[in-house]
Amino acid sequence: MAKPVEVTDANFDEEVLKAETPVLVDFWAPWCGPCRMVAPVVEQLAEEYDGRVKFLKLNTDDNVNTAAKYGIRSIPTLLMFKGGEPVDQIIGFRPKGDLKKTVDKALA
Amino acid sequence: MARLDYEIVIIGGGPAGLAAGLYAARARRKTALVEKGVIGGQIALTELVENYPGIPSVNGFDLAETMLKQAESYGTETRYEEVASVEREGKTWVVRTPEDELVAKAVIITAGADYNKLGVPGEELLTGRGVSYCATCDAAFFKDQHVVVVGGGDAAMDEGLFTTRHVGKVTVVHRRDTLRASAILQERAFANPKMEFIWNTVVEEILGEKEVTGVRLRNVETGKESTLDVGAVFVFIGQHPNTDFLKGLVEMDKGGHILVNEWMETGLPGLYAAGDARQNSARQVVSSAGDGATAAIAAEHYIAANFAAEE
Numbered sequence: 000m001a002k003p004v005e006v007t008d009a010n011f012d013e014e015v016l017k018a019e020t021p022v023l024v025d026f027w028a029p030w031c032g033p034c035r036m037v038a039p040v041v042e043q044l045a046e047e048y049d050g051r052v053k054f055l056k057l058n059t060d061d062n063v064n065t066a067a068k069y070g071i072r073s074i075p076t077l078l079m080f081k082g083g084e085p086v087d088q089i090i091g092f093r094p095k096g097d098l099k100k101t102v103d104k105a106l107a
Numbered sequence: 146m147a148r149l150d151y152e153i154v155i156i157g158g159g160p161a162g163l164a165a166g167l168y169a170a171r172a173r174r175k176t177a178l179v180e181k182g183v184i185g186g187q188i189a190l191t192e193l194v195e196n197y198p199g200i201p202s203v204n205g206f207d208l209a210e211t212m213l214k215q216a217e218s219y220g221t222e223t224r225y226e227e228v229a230s231v232e233r234e235g236k237t238w239v240v241r242t243p244e245d246e247l248v249a250k251a252v253i254i255t256a257g258a259d260y261n262k263l264g265v266p267g268e269e270l271l272t273g274r275g276v277s278y279c280a281t282c283d284a285a286f287f288k289d290q291h292v293v294v295v296g297g298g299d300a301a302m303d304e305g306l307f308t309t310r311h312v313g314k315v316t317v318v319h320r321r322d323t324l325r326a327s328a329i330l331q332e333r334a335f336a337n338p339k340m341e342f343i344w345n346t347v348v349e350e351i352l353g354e355k356e357v358t359g360v361r362l363r364n365v366e367t368g369k370e371s372t373l374d375v376g377a378v379f380v381f382i383g384q385h386p387n388t389d390f391l392k393g394l395v396e397m398d399k400g401g402h403i404l405v406n407e408w409m410e411t412g413l414p415g416l417y418a419a420g421d422a423r424q425n426s427a428r429q430v431v432s433s434a435g436d437g438a439t440a441a442i443a444a445e446h447y448i449a450a451n452f453a454a455e456e
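Residue numbers (our numbering), protein chains in the order written: chain G, 0 to 107; chain E, 146 to 456.
To be clear, the hints were calculated from the coordinates, so they are not data collected in a lab.
There may be inaccurate statements among the hints.
In the DSBU-like style, the derived pairs of lysine-lysine whose C-alpha atoms are separated by at most 35 angstroms in a straight line are [unchecked claim]: (1) E:Lys214 <-> G:Lys100; (2) E:Lys392 <-> G:Lys99; (3) G:Lys68 <-> E:Lys288; (4) G:Lys95 <-> E:Lys369; (5) E:Lys392 <-> G:Lys104; (6) G:Lys81 <-> E:Lys262; (7) G:Lys2 <-> E:Lys288; (8) E:Lys392 <-> G:Lys95; (9) G:Lys68 <-> G:Lys2; (10) G:Lys100 <-> E:Lys288; (11) E:Lys214 <-> G:Lys95; (12) E:Lys236 <-> G:Lys95.
Produce the entire structure from the sequences given, and follow the hints as far as they go.
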């Protein structure tokens with residue numbers, strides 16, 4: 000699984016909360032410019048951490064329940080999940096190095 | 146740490162940097178464009194650009210992306226890194242980032258400006274939880290709610306008008322009794338039934354624990370305080386140039402804007418500044434792009450005159 004896969008309200012529990020590895024979820028929407036900048040960086044990370052961390056993306060327009068549940072009020076937001084709990088977040092566009100630090104912290 | 150050789154290094158990927166990249170690459174100079182965040186800079190967060198001649202109306206991010214592709218099509222390389230310092234080394238400049246050293250014959254500073262924060266209690270804590278500096282990114286999360294827009298310039302009106310598409314009501318809080326925004330945006334704002342205005346008033350505190358629940362306001366004339374229950378606060382109160390990393394190297398005004406002449410020359414050999422990072426920028430996409438083109442042409446002349454023997 001090299002590319003981030005779309006997750007929805009329907010399979011969020013299964014894909015994220017019950018996952019065995021840490022999961023990074025990219026909350027985005029098609030109309031959000033900075034989200035389009037984050038996407039390729041997350042794709043690169045998905046390649047680099049293949050097998051160790053799961054990378055998913057959630058469209059906040061189509062999946063309002065999950066976005067509301069985690070209090071998403073700004074996108075792009077990246078939420079890092081570990082053992083079914085959100086453990087870290089990045090709001091807004093950040094350079095790849097910052098994202099890697101967040102992922103590494105979850106792996107440590 | 147990699148040491149990489151270029152002819153022209155451009156710091157900042159807003160309209161000024163993208164135009165400079167286009168001109169530098171078309172002059173067949175090996176060019177790198179270094180961007181720390183999002184390509185387009187401030188316009189990446191702008192819903193509509195309607196004043197770039199020749200393009201009646203375009204989404205800001207789309208315009209930036211088009212400019213980037215155009216510059217890259219002629220050979221400009223884009224690097225996503227944050228510049229830590231710029232130093233003179235013999236006849237060349239060294240642009241340092243955490244990962245690399247970029248060596249250049251000429252450097253064009255198009256680092257632009259960042260939005261100002263209010264600097265009031267609650268702002269930091271609630272950023273991303275109702276405090277926002279990008280209405281086009283976040284307005285949709287406040288469907289039918291009452292929100293506040295702080296500021297009276299073009300950005301405040303543009304983003305405020307955009308916000309009315311999603312929210313129930315927009316209250317503009319402005320510290321003066323008139324707007325600074327261009328006349329056409331003022332007309333649209335005053336005509337919009339979802340927008341209302343509170344004049345001569347500043348935000349003293351953003352209220353809420355896990356998310357924004359309101360703002361505490363103070364009238365600057367009477368000193369009278371009041372609170373307003375709102376779900377979000379969008380802040381558009383001007384900007385400051387991103388030139389801290391150049392302090393001590395080039396001459397700046399008190400606000401941190403770099404001083405240049407009409408060729409965008411800083412006075413140091415091969416060092417240029419263009420767009421919002423320079424003093425007296427008109428702060429428009431078109432003027433910044435013009436600045437960037439001017440700087441690239443000046444840099445090209447400088448390289449041709451000073452490095453000719455090596456070519």
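Now the hints, each set against the structure:
1. E:Lys214 <-> G:Lys100: This hinted pair holds, its Cα atoms lying about 30 angstroms apart.
2. E:Lys392 <-> G:Lys99: At roughly 30 angstroms apart (the allowed maximum being 35 angstroms), Lys99 of chain G and Lys392 of chain E satisfy the hint.
3. G:Lys68 <-> E:Lys288: holds (16 angstroms)
4. G:Lys95 <-> E:Lys369: violated (46 angstroms)
5. E:Lys392 <-> G:Lys104: holds (34 angstroms)
6. G:Lys81 <-> E:Lys262: The given pair, whose Cα atoms are some 33 angstroms apart, holds under the 35 angstroms limit.
7. G:Lys2 <-> E:Lys288: holds (32 angstroms)
8. E:Lys392 <-> G:Lys95: holds (26 angstroms)
9. G:Lys68 <-> G:Lys2: holds (25 angstroms)
10. G:Lys100 <-> E:Lys288: Between Lys100 of chain G and Lys288 of chain E the Cα gap is close to 34 angstroms, so the pair holds against 35 angstroms.
11. E:Lys214 <-> G:Lys95: holds (21 angstroms)
12. E:Lys236 <-> G:Lys95: The given pair, whose Cα atoms are some 32 angstroms apart, holds under the 35 angstroms limit.
Hint 4 alone, counting from the list given before, is not met by this structure.
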